[in-house]
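Chemist: Here the structure of chain A is known, so what remains is to put chain B in place on it, guided by the hints.
As you go down the protein sequences, you meet chains A and B in turn. The numbering used here puts the last residue of the first sequence at 161; the count rises by one with no breaks. The numbering used here puts the last residue of the second sequence at 266; the count rises by one with no breaks.
Calculated from the structure, these hints are not laboratory results. Everything hinted at is true.
In silico lysine to any residue, SDA-like type, Cα no more than 20 Å apart, as pairs:
| no. | chain 1 | residue 1 | chain 2 | residue 2 |
| --- | --- | --- | --- | --- |
| 1 | B | K39 | A | D19 |
| 2 | B | K26 | A | S2 |
| 3 | B | K39 | A | T42 |
| 4 | B | K134 | B | F150 |
| 5 | B | K53 | A | D68 |
| 6 | B | K39 | A | R20 |
| 7 | B | K55 | A | G69 |
| 8 | B | K53 | A | I67 |
| 9 | A | K80 | A | A157 |
| 10 | A | K11 | A | G69 |
| 11 | A | K55 | B | T79 |
Here are a few chain B residues that face chain A, going by a calculated C-beta distance under 8 Å:
| no. | residue |
| --- | --- |
| 12 | M1 |
| 13 | E3 |
| 14 | T4 |
| 15 | Y6 |
| 16 | R8 |
| 17 | G31 |
| 18 | H32 |
| 19 | P36 |
| 20 | D50 |
| 21 | P101 |
| 22 | A102 |
| 23 | V103 |
| 24 | A180 |
Here are some chain A residues pointing at chain B (derived, C-beta under 8 Å):
| no. | residue |
| --- | --- |
| 25 | G46 |
| 26 | I49 |
| 27 | K55 |
| 28 | A56 |
| 29 | L63 |
| 30 | Q66 |
| 31 | E131 |
Given the structure is predicted, the values throughout are model-derived calculations rather than measurements. Heads up, the beta-carbon is just placed ideally off N, CA and C, and yes, glycines get one too.
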Amino acid sequence: MSTVKLTVNGKSVSATVEDRTLLVHLLRENLNLTGTHVGCDTSQCGACIVHIDGKAVKSCTTLVGQIDGANVTTIEGIAKGDQLHPMQAAFRDNHGLQCGYCTPGMIMSAIDIVNRHAGDLDEETVRHELEGNICRCTGYHNIVKSVLDAAGRMKVAQAAE
Amino acid sequence: MYETTYHRPASIDEAAALFAKHPEAKYLAGGHTLIPVMKQRLAAPSDVIDLAKIKDLIGIEATSDALIIKAATTYYDITQSAAAKKAIPAIVHLTSVLGDPAVRYRGTVGGSIANNDPAADYPAAVLALNATIKTNKREIKGDDFFQGLFSTALEEDEIITSVSFPIPAKAGYAKMRHPASRFALTAVFVAQTKSGEVRVAATGASQSGVMRVPAIEAALKANWSAGALDGVKISADGLMGDIHGSAEYRANLIKVMAQRAVDAAG
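Same shape as in the complex, but just chain A (with noise of 0.2 Å):
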């Protein structure tokens, strides 16, 4: 057992765990935060999503031990209260999921990407950049709208801050 020392979502978070935990599991049986999913738990759906220090990382594949000290946000941490995050709000208009299962993860990968990508985003990258999130029911076309219609707001976002 070992006791890690986190933030998540803004708030400091202390847990005493088994070494062997997965990020993953510390956030939806320890913290109840559970937006994040497991999805096919090898690595390649993306289900499972979250931010580390600002960059966008598979939960499910990282030891607790591994990110002491760091920063976490999760699907939980980027809406402002009532006011979704853009990249929700574009996901919502474009119809950018159906079953829903993979969504905290694309939006959170979607969320780097165009962080990444400043100004600077086709539909070419998007899709390039999209291959670590797996989803079975849209077939991406809505999900690669909702992420360029995502990156036009966060712009104007970011301009009237």
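Modeler: The following block gives chain B in isolation, referenced to the frame of chain A:
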């Protein structure tokens, strides 16, 4: 996953001392092979020794002769490195088509070559360029490093500290990606050294892991062009055949990927 004890040493010496104390330990780098294998209970190390935060294992530098990538440098950092892009653009390209963005934030060069997956990307670059692998004990040439599926010249407790890639006159990498895993169905790294030697390595093809391709090397030595490979026949003997592609299909892919790699190298 079975129980294990996690360690985060601050230095290479501290990591080696921990291994000496826990002989059933495994070193952990990006964790994108070891952790899935532990989850499947195919590996059960008593202790996991995390190398990813050791400062002496992170960084990229280029000299006039070599691109030196320290072992725990992440793929993402390599794709962002202006020094790497200038020194050996083929390596940056190889890194940019490896895994997916989330994997590239975590995966490391040292982890890739220590694991020596038969379909991994970096072994092809290390073998084609005959890179020098530095460890906490010695230096090993790329020619001597890979010893079959998931086997290398490394001793159990040895730690890769850096990989030094000689800067070639020309180099290119082309990969047929498996659409789900992003591993190479077959990929080829072609290189022409500054002294005019041609070296070609294929990954994802052979049953014994990364391999040189003498027939393609000879043809390119005589004439460095994609067209020079039109008549080359690659034998399917010893190549992998599975539901994704037969050995004959992979043999043809070696030629086609080599042609694309030569075109990319210019």
